[in-house]
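Novice: One letter stands for each residue in the lines below.
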Amino acid sequence: MKTTLTVNGRPHTLDLDPRVTLLDALRDHLHLTGSKKGCDHGQCGACTVLVDGRRINACLSLAVAHDGDDITTVEGLSEDGKSPLQTAFVRNDGMQCGYCTPGQLCSATAVLREVEAGWPSHVSETLEGPATLTRDELAERMSGNICRCSCYPGINAAILEIAEESTDYAEAAE
Amino acid sequence: MRPFDYQRAEDTAAARTASRAGATILAGGTNLLDLMKLEVMAPERVVDISRLGLNRITEKDGGLHIGATVTNSDLAADMRIRRDYPVLSRALLAGASGQLRNKATTGGNLLQRTRCPYFYDTGTACNKRTPGEGCAAIGGELRNHAILGTSEHCVALHPSDMAVAMRALDAMVEVEGEDGTRREVALDDFYRLPGDRPDIETTLAPGDLITGVTLPAPLEGRQQYRKVRDRASYAFALVSIAAIVRMEDGRIADATLAFGGIGTRPWRDPEMETLLKGERPSAALFAKAADVLMRHAAVHPGLEFKLTLVTRLLSATLEEMTE
Chain A
1 MKTTLTVNGR
11 PHTLDLDPRV
21 TLLDALRDHL
31 HLTGSKKGCD
41 HGQCGACTVL
51 VDGRRINACL
61 SLAVAHDGDD
71 ITTVEGLSED
81 GKSPLQTAFV
91 RNDGMQCGYC
101 TPGQLCSATA
111 VLREVEAGWP
121 SHVSETLEGP
131 ATLTRDELAE
141 RMSGNICRCS
151 CYPGINAAIL
161 EIAEESTDYA
171 EAAE
Chain B
1 MRPFDYQRAE
11 DTAAARTASR
21 AGATILAGGT
31 NLLDLMKLEV
41 MAPERVVDIS
51 RLGLNRITEK
61 DGGLHIGATV
71 TNSDLAADMR
81 IRRDYPVLSR
91 ALLAGASGQL
101 RNKATTGGNL
111 LQRTRCPYFY
121 DTGTACNKRT
131 PGEGCAAIGG
141 ELRNHAILGT
151 SEHCVALHPS
161 DMAVAMRALD
171 AMVEVEGEDG
181 TRREVALDDF
191 YRLPGDRPDI
201 ETTLAPGDLI
211 TGVTLPAPLE
221 GRQQYRKVRD
231 RASYAFALVS
241 IAAIVRMEDG
251 RIADATLAFG
261 GIGTRPWRDP
271 EMETLLKGER
281 PSAALFAKAA
291 DVLMRHAAVH
301 PGLEFKLTLV
311 TRLLSATLEE
321 MTE
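The listed protein sequences correspond, in order, to chains A and B.
Take 1 as the starting number for the first sequence in full-length UniProt numbering and just add one per residue.
Take 1 as the starting number for the second sequence in full-length UniProt numbering and just add one per residue.
Bound-form chain A, shown alone (with noise of 0.2 Å):
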């Protein structure tokens, strides 16, 4: 089936298996294998993307269904490889192995915009929010992402830090 993915801000036309996924599509057939298959079930988090700037599990979803949509891997996150987030990971020792860290990279740049959004978790207070990001909320809404080598101090760490500096940004800017 002929599908149209924007990646990273580049239109690819791809004539595609139902089948195949949007992980699949993205690692074997436009060969930007920053994305990685860990599970293939939605439970580690390791192939998380962003969708129209949301993040979802690109195991668990036909590519054949995004035609049109707009995708973001962790290629297309900066130019350099290294946004302030990233950096932030680096400088915080965020990663062993690095098999997790495009999945958490993703993930973390899309929570800190739905908490800038003021959604809601599991372990906020109140719904009606602002939300902000402490210890415990992020480590609820990064719970989609595992890391097996459980480098989680720093991943937490290098978040937290961005989330302050754009918080200081947003306060400095008031």
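It is possible that part of the hints are untrue.
Stated by the list, open to error - Dumping the calculated DSS-like pairs for lysine-lysine here, alpha-carbon to alpha-carbon at most 25 Å:
1. 37(A) with 2(A)
2. 288(B) with 277(B)
3. 37(B) with 37(A)
4. 2(A) with 37(B)
5. 82(A) with 37(A)
Stated by the list, open to error - Take a look, some chain B residues computed to stay more than 10 Å from chain A by CB distance:
6. 13
7. 56
8. 63
9. 170
10. 180
11. 274
None of these hints come from the bench; they were simulated from the model.
Even for Gly, the Cβ is constructed at its ideal location relative to N, Cα and C.
With chain A fixed as given, assemble chain B onto it according to the hints.
Specialist: Frame of chain A, contents of chain B only:
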């Protein structure tokens, strides 16, 4: 995954026609694709309804109409849901992960299959997968299984959090039938008990399409969703409770209670609610309520803990909400 034909429906009529001809409906796909990869489900035709414009939440008769493809994230974050139906927002946020909630839909959540590991394991017998084959779960390892509504053929439970809150809220499932007319179905009439055909989970007929869920006008009283699970996040409920409680002069005026993790469908017990109505809250009353709830429980070895857990969860929730 087995090969299948993929079709994107242009409108609900096309989706119904395809469904009538045997196609499986695809919305978010988070459960369907999971099962197709394991070949637990192997549809020959799949019809995608994700772009039919069924993704809106609108006001209706003092309540809300939730389109079938509204995602779990959008529903949980909707300000009207957060303000007037907090039990639903809380239930949604207690389920799955951020990624899955962005893809999973309202209709799909209702139709998700059980997480019984024997249903997922094609190397074992399962009456839900292959009717008449037997049930490897009974006599096997039991944990995420039901103790109410079960039969000798199946002890699989409905794993949804969302549907439990909807059961408490008396939500109605809007179904577009074969002839295009829409009807509303209460959740207890929507979900079948397993009996000797656990493979047939709902009363939907071929050609029926869920187009939405309607919530009646908001109820007075406090609302809460509590969930007990094996880890703090991203796990199915061992036991959960959706509670709406209204107090009047120190007495329970109304207590609406729906349970997850114990029933073959989202569980509600009118007899238990009647018992609580008009009474002054006390530990003895709550214990009696739990006894009523559990009066028909069929507890297979390995699930005894659920009796204690449901009693404690019910008591703790009511104690807090009747203060």
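Novice: Work down the list of hints and note, for each, if the structure agrees.
Specialist: Results of checking the hints against the structure:
1. Note on residue 37(A) and residue 2(A): the hinted pairing holds, with a Cα-Cα distance of about 24 Å set against a maximum of 25 Å.
2. For a cut-off of 25 Å, the pair hint linking residue 288(B) to residue 277(B) stands: about 13 Å separates their Cα positions.
3. A threshold of 25 Å between alpha carbons decides the hint, and for residue 37(B) with residue 37(A) the separation of about 14 Å falls inside it, so the pair holds.
4. Between residue 2(A) and residue 37(B), the direct Cα distance comes to roughly 22 Å. Compliance with the 25 Å bound is thereby established for this hinted pair.
5. Taking the CA atoms of residue 82(A) and residue 37(A), the gap is near 23 Å; set against the 25 Å cutoff, the hint holds.
6. Every CB of chain A is more than 10 Å from the CB of residue 13(B) (nearest about 20 Å), matching its label as outside the interface.
7. At roughly 17 Å from the closest C-beta of chain A, the C-beta of residue 56(B) stays outside 10 Å, upholding its exclusion from the interface.
8. Every beta carbon of chain A lies more than 10 Å from that of residue 63(B), the smallest distance being close to 18 Å; the non-interface claim holds.
9. No Cβ of chain A approaches the Cβ of residue 170(B) within 10 Å, the least distance being about 21 Å, so the stated non-interface status holds.
10. For residue 180(B), the shortest C-beta to C-beta distance to chain A comes to about 25 Å, beyond the 10 Å cut-off, and the non-interface label holds.
11. Even its closest Cβ contact with chain A, about 30 Å, leaves residue 274(B) beyond 10 Å, as expected for a residue assigned away from the interface.
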